[in-house]
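Chains as they are written, first to last, in the working numbering: chain A, 84 to 366; chain B, 4 to 463.
Note that these hints are calculated values from the structure, not bench results. Careful: at least some of the hints might be erroneous.
Using 35 Å as the maximum straight-line C-alpha spacing, the simulated DSBU-like pairs for lysine-lysine come out as follows [claimed, not checked]:
hint, chain 1, residue 1, chain 2, residue 2
1, B, 214, A, 175
2, B, 231, A, 139
3, B, 163, B, 23
4, B, 59, B, 347
5, B, 214, B, 241
6, B, 214, A, 177
7, B, 241, B, 347
8, B, 194, A, 307
9, A, 307, B, 125
10, A, 266, B, 251
11, B, 207, B, 163
12, B, 437, A, 307
If you only want the chain A side, here are some residues facing chain B, beta carbon under 8 Å, derived [claimed, not checked]:
hint, residue
13, 85
14, 87
15, 95
16, 98
17, 210
18, 218
19, 310
20, 324
21, 326
22, 330
23, 332
Glycine is no exception: its CB is placed at the ideal position from the N, C-alpha and C atoms.
Chain by chain, the residues:
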Amino acid sequence: MTSSLLFNITTFAYLISMLAFFAFLASRAKLLGTAAIVVAYVGLLAQTVAIALRWKESYDMGVGHAPLSNLYESVVFFSWTIVLIYALLDIKYKYRVIGAFVMPFALLGMAWAQLGMNNAIEPLVPALQSNWLLYHVITCFLGYAAFAVACGISIMYLIKARSEDSADKPAGSGLLTMFPPVKVLDDLNYRAIMIGFPLLTLGIITGAAWANYAWGTYWSWDPKETWSLIVWFVYAAFLHARITKGWVGRRAAWLSIIGFAATIFCYLGVNLLLSGLHSYGGK
Amino acid sequence: MTTPKRDFLHSLWDFFCSLKLTMFLLISLAVISIIGTVIPQGIPPQEYLAEISPAKIKLYKTLGFFDMYHSWWFILLLYLLTVNLIACSIKRLPHIWKIITEPVTLLGESLERSLANVATIKSPDEPAALKEQIVTFLTAEFAAPVVTEVDGAWHFFAQKTPWCRLSVYFVHLSVIIIFIGSLIGSLFGYKGFVNILEGETVSKVMLRSEKELDLGFSLRLEQFSVAKYANGAPKEFKSILTVLENGKPVPDYTNARVIVNDPLTYKGITFYQSSYGNAGNYFFTVSDLDGKNPVAIAVASQSSANLPDGSSMHVLEATKDISQFSPGLSGPAAQVELHTADGKTESFVVYANHPELNIQHAQQHGAGPVIHYKGAEERMYTGLQVAKDPGVEVVWLGCLLMVVGIYAAFFMSHRRIWVRIQGGIVTVCGNASKNQSAFLQTFEGLVERLGTALAKEKQP
Ligand code: HEM
Numbered sequence: 084m085t086s087s088l089l090f091n092i093t094t095f096a097y098l099i100s101m102l103a104f105f106a107f108l109a110s111r112a113k114l115l116g117t118a119a120i121v122v123a124y125v126g127l128l129a130q131t132v133a134i135a136l137r138w139k140e141s142y143d144m145g146v147g148h149a150p151l152s153n154l155y156e157s158v159v160f161f162s163w164t165i166v167l168i169y170a171l172l173d174i175k176y177k178y179r180v181i182g183a184f185v186m187p188f189a190l191l192g193m194a195w196a197q198l199g200m201n202n203a204i205e206p207l208v209p210a211l212q213s214n215w216l217l218y219h220v221i222t223c224f225l226g227y228a229a230f231a232v233a234c235g236i237s238i239m240y241l242i243k244a245r246s247e248d249s250a251d252k253p254a255g256s257g258l259l260t261m262f263p264p265v266k267v268l269d270d271l272n273y274r275a276i277m278i279g280f281p282l283l284t285l286g287i288i289t290g291a292a293w294a295n296y297a298w299g300t301y302w303s304w305d306p307k308e309t310w311s312l313i314v315w316f317v318y319a320a321f322l323h324a325r326i327t328k329g330w331v332g333r334r335a336a337w338l339s340i341i342g343f344a345a346t347i348f349c350y351l352g353v354n355l356l357l358s359g360l361h362s363y364g365g366k
Numbered sequence: 004m005t006t007p008k009r010d011f012l013h014s015l016w017d018f019f020c021s022l023k024l025t026m027f028l029l030i031s032l033a034v035i036s037i038i039g040t041v042i043p044q045g046i047p048p049q050e051y052l053a054e055i056s057p058a059k060i061k062l063y064k065t066l067g068f069f070d071m072y073h074s075w076w077f078i079l080l081l082y083l084l085t086v087n088l089i090a091c092s093i094k095r096l097p098h099i100w101k102i103i104t105e106p107v108t109l110l111g112e113s114l115e116r117s118l119a120n121v122a123t124i125k126s127p128d129e130p131a132a133l134k135e136q137i138v139t140f141l142t143a144e145f146a147a148p149v150v151t152e153v154d155g156a157w158h159f160f161a162q163k164t165p166w167c168r169l170s171v172y173f174v175h176l177s178v179i180i181i182f183i184g185s186l187i188g189s190l191f192g193y194k195g196f197v198n199i200l201e202g203e204t205v206s207k208v209m210l211r212s213e214k215e216l217d218l219g220f221s222l223r224l225e226q227f228s229v230a231k232y233a234n235g236a237p238k239e240f241k242s243i244l245t246v247l248e249n250g251k252p253v254p255d256y257t258n259a260r261v262i263v264n265d266p267l268t269y270k271g272i273t274f275y276q277s278s279y280g281n282a283g284n285y286f287f288t289v290s291d292l293d294g295k296n297p298v299a300i301a302v303a304s305q306s307s308a309n310l311p312d313g314s315s316m317h318v319l320e321a322t323k324d325i326s327q328f329s330p331g332l333s334g335p336a337a338q339v340e341l342h343t344a345d346g347k348t349e350s351f352v353v354y355a356n357h358p359e360l361n362i363q364h365a366q367q368h369g370a371g372p373v374i375h376y377k378g379a380e381e382r383m384y385t386g387l388q389v390a391k392d393p394g395v396e397v398v399w400l401g402c403l404l405m406v407v408g409i410y411a412a413f414f415m416s417h418r419r420i421w422v423r424i425q426g427g428i429v430t431v432c433g434n435a436s437k438n439q440s441a442f443l444q445t446f447e448g449l450v451e452r453l454g455t456a457l458a459k460e461k462q463p
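Please build the complete structure, drawing on both the sequences and the hints.
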């Protein structure tokens with residue numbers, strides 16, 4: 084059993100899980116919902132083992148390091164954290180349908196990594212040879228994943244809120260009956276961001292600590308750092324929005340979506356479109 | 004007394020206390036920060052300046068876009084944020100402080116109506132007997148209550164983690180502490196750079212502000228080396244450094260190793276591995292086309308040398324073994340750039356082991372000179388980043404406070420329970436500052452167990 088085979092199994096499981104969630108939405112058959120979540124868990128398990136195995140394989144090759152060192156590995160890890168955060172939310176709150184809006188993100192990541200990227204294990208360049216890499220990447224990505232889940236929930240919120248506004252037919256039309264009530268969605272959005280914000284804060288701080296340790300500057304306004312701060316500002320605005328009247332509900336949902344768009348830009352856009360210190364993933 | 008001046012101050016105060024201003028500032032900062040990630044910061048590279056129009060360059064310079072995070076308007080926004088933060092805290096803190104230090108211990112009618120969690124239990128027992136049971140129950144299951152008797156009614160008040168209401172203020176305070184830390188760094192610290200040749204000793208470094216700074220001690224580079232992985236990718240850049248005081252090596256700082264991600268700190272000044280290069284000379288023999296008048300020429304790596312025919316030359320790149328680039332050839336080679344006396348520039352490769360190619364090249368271009376490469380001397384230099392930042396501990400303190408504060412703000416809750424015994428009815432009310440749904444469960448559990456506890460006591 085190799086890690087790359089397990090990653091393929093993972094991708095396949097996420098695909099099946101997503102399709103089952105869609106079918107669940109369309110048919111409202113409880114069994115499909117259960118199947119979808121079980122397959123998602125199987126995928127998560129396979130991926131966990133795969134990541135551990137890839138870690139071990141790198142040691143077998145004599146270039147041992149945590150599998151978080153290039154774009155391929157980070158996309159795979161991102162996908163793993165998304166499913167992990169979703170699983171935690173599912174265990175706690177049991178709003179299964181959210182999977183239909185979260186699994187696509189996880190699948191997208193895995194499919195892109197498996198089909199579009201070189202998955203060779205490479206030795207670590209000097210700039211990344213530090214334990215801080217581990218702390219920094221793990222906290223950042225768990226934060227990003229919580230924001231991905233919040234974004235999925237916000238999209239559901241907007242769809243549901245719109246249908247409630249336009250049609251006064253009560254709890255009628257098809258798919259939407261499966262959605263949790265808007266109040267619950269609004270609350271779940273907040274809860275997901277409540278997980279993500281402290282993690283992003285920790286991610287920025289560990290990044291600053293690493294930069295200070297390695298370069299003597301905890302903050303140098305390089306594009307990646309600046310974008311992470313932009314993301315942080317957006318979610319800080321989101322948190323304060325809840326205390327300010329008139330900024331809950333729809334506006335909060337939009338803030339959450341904008342926040343995730345900024346997150347994705349921070350993660351990928353900066354590497355692919357701008358230049359800076361965090362060059363991994365470039366080229 | 005409402006003079007216009009006072010009105011103005013009032014509205015100014017209200018302006019700074021407003022959370023709408025907070026939203027505006029946070030979102031503005033987010034949007035404005037994007038500029039500096041698109042426009043290169045610091046000294047913009049020539050290629051970039053060549054790309055955009057002079058009018059644009061002038062506009063960007065005027066607006067401070069090339070160093071926007073230090074421009075007055077960006078700093079102003081940060082100061083506004085700080086003032087907003089402080090004003091908001093001053094306005095709200097007394098109220099929060101009162102909730103914490105002067106809790107309402109009596110469950111009156113209006114309080115009862117304002118609370119979301121209310122339950123009643125009927126009990127015909129004597130209030131005095133009930134009182135003991137409720138105190139025991141609350142102490143065991145929730146927190147020790149304050150007991151008050153008013154007009155024959157007994158009131159109980161118990162609370163958990165009231166201080167967590169302050170956590171938001173600690174988060175806000177932490178933002179200010181981080182600002183203070185960065186201010187200390189920019190006032191009393193510096194960032195600089197130094198290149199040291201192998202065997203050379205330096206005692207001055209070049210600051211970012213282009214001033215030279217005397218370290219007060221000196222630093223010698225004993226050796227610099229690069230290690231590579233089997234596939235040729237760099238594995239380690241290593242400088243071996245010795246710190247010298249009055250020319251004598253300092254014992255614990257002799258032959259100290261500095262690699263990327265592992266710097267050297269001496270007297271609060273830290274040296275970070277940042278770049279490297281070869282500063283040794285490249286050697287050539289230059290002759291006429293027919294091989295007459297050979298002269299040996301040494302070219303330093305960063306400069307150019309004049310040739311007898313009036314042209315000048317410098318080295319772009321050199322290798323010890325050309326075969327990895329040009330299969331079939333072997334030995335050292337250098338890519339040189341020649342500026343001829345009549346103003347032409349050409350770039351070509353000269354070899355050590357293939358003099359015929361060097362001659363061939365010269366022949367093809369008409370007149371000489373013929374240039375033969377003789378190899379290079381290796382003299383590595385290391386580039387070290389130098390930094391001193393006495394504010395960094397303050398920044399970490401702020402960060403720690405922020406993390407702990409955010410945790411407490413999100414995941415802890417001030418929970419309060421009131422109980423009142425009046426006319427054979429036990430009324431229980433509860434309130435939580437956060438996470439209402441979790442509290443509802445706790446509350447319902449408490450009421451249920453209290454009900455059974457009270458019922459049990461009745462059976463002898
Ligand atoms: C312009 C600056 C700011 C002002 C005026 C401000 C003001 C406030 C106020 C008034 C509250 C509500 C407190 C209460 O419920 O009594 C609050 C909550 C909060 N603030 Fe700020 N704030 C600012 C910036 C920040 C920043 C930069 C952060 C970043 C960490 C932050 C984090 C928080 C958090 C975590 C909460 C609690 C939110 C919640 O409970 O959901 N604030 N802020």
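task: Enumerate the violated hints, using their earlier numbering and listing them in ascending order.
output: 1, 6, 7, 9, 10, 11, 13, 14, 15, 16, 18, 23
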